[in-house]
Amino acid sequence: MSPFDIDEIVAQGSRAPKSSSPGPDGLSYVFLNLLFQQPQYTELIVRVFNDALSKSLFPPSWLETSVCLLPKKGDLTSLKNWRPITLINCDAKIFTRLLNTRLASIISPLISPNQSGFMKERFIADNGALAQIACEQASARQSDEVGLLCDQEKAYDRVHPTYLRAILTRFGFPMGFIDSISSLFFGTSMKVNVNGYLTQPVPLGRGLRQGDPISPLLFNLVMEPLIKSIIHSDRIQGFLPPNISRPYLDSFTLPPLRVLAYADDLLIFLKDVYDLAEVQQLISCYNRASNAKMNYDKTVAFSVSGRHTLIGCLHYNLTVSRNGTTETILFL
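Under full-length UniProt numbering, the letters of the sequence shown match residues 1 to 332, in that order.
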């Protein structure tokens with residue numbers, strides 16, 4: 001990757017949200033933007049960012065973070081119902097913003113169109129429109145396809161460093177980029193902020209930081225092997241669109257719709273129990289490789305056509321949606 005110049009660094013600093021909370025060092029984007037405008041510091045600033053890029057040499061403060069826990073729904077006495085938000089020092093986030101800008105410019109060909117989250121020139125509503133069209137077509141045909149809204153437990157937090165390195169290597173990223181990402185994400189420590197008091201530092205051995213600018217695109221890369229394996233599986237029929245007929249032209253068949261994704265949210269279309277068995281195998285393989293864990297308690301099954309009948313599927317408790325209401329049942 002080509003070195004950063006001061007114009008890139010200043011541009012990313014100026015684009016950062018001014019109201020963003022600073023990290024443990026307390027230095028805000030406003031302060032850093034003033035610093036970047038001082039000519040006497042230009043050479044030092046550029047050297048710091050390029051040493052981080054090419055040599056994975058970071059200021060010690062870049063390897064320190066603090067974590068705030070935000071409540072989610074459910075029983076708040078359970079730690080899994082709290083969302084960790086990582087507060088990262090702003091100069092470290094400017095570095096990952098620089099990496100993210102470069103990554104965003106080249107990542108599109110690597111990510112399947114079925115992933116719509118955080119991608120340039122892709123709109124979240126596209127997948128919503130596809131899902132709605134599938135439901136309308138299934139309703140018109142009174143077909144039996146089932147949709148699975150899959151939930152992953154602590155999706156960002158469970159990403160394993162070995163898996164992430166393997167994925168980045170497989171996609172052909174430069175080793176300097178891979179080393180920088182690995183060191184910055186897995187060579188850091190965090191302190192948990194509990195009512196204004198910080199715990200002792202805890203080393204981070206895995207996980208993408210929620211709150212880091214580059215984490216969403218990295219997670220898209222993490223998910224891509226699973227998405228591709230579902231899309232290209234001949235053993236999964238998925239939702240079969242109708243043939244398209246046009247006057248005076250040959251009719252053509254649309255490819256089956258098997259999966260749609262936004263970040264860690266997956267919508268998988270199943271034709272029958274054989275589809276589900278194959279999806280289970282692919283998810284199991286992905287879980288073993290990446291350290292992911294599917295949360296079947298929060299995975300929702302629904303009839304794509306809106307009919308009352310569902311195929312018998314999983315040996316897990318799933319929440320099943322019927323006409324806007326939900327209930328938890330055991331598929332056999």
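I should point out that these hints are in silico values taken from the structure, not numbers from a laboratory. Do not rely on the hints blindly, as some may be mistaken.
[Claimed, not checked] Using 20 angstroms as the maximum straight-line C-alpha spacing, the simulated DMTMM-like pairs for lysine to aspartate or glutamate come out as follows:
(1) Lys228 with Asp265
(2) Lys73 with Asp264
(3) Lys72 with Glu153
[Claimed, not checked] Okay, the calculated beta carbon distance ranges per label pair:
(4) Asp234 with Asp126: 23 to 29 angstroms
(5) Leu27 with Val202: 28 to 34 angstroms
(6) Ser108 with Leu35: 52 to 58 angstroms
Because the structure is a prediction, the values reported are computed rather than measured. Backbone N, C-alpha and C define an ideal beta-carbon position, used for all residues, glycine too.
Which of the numbered hints are not met once you compare them with the structure shown?
Per hint list: 5, 6 violated.
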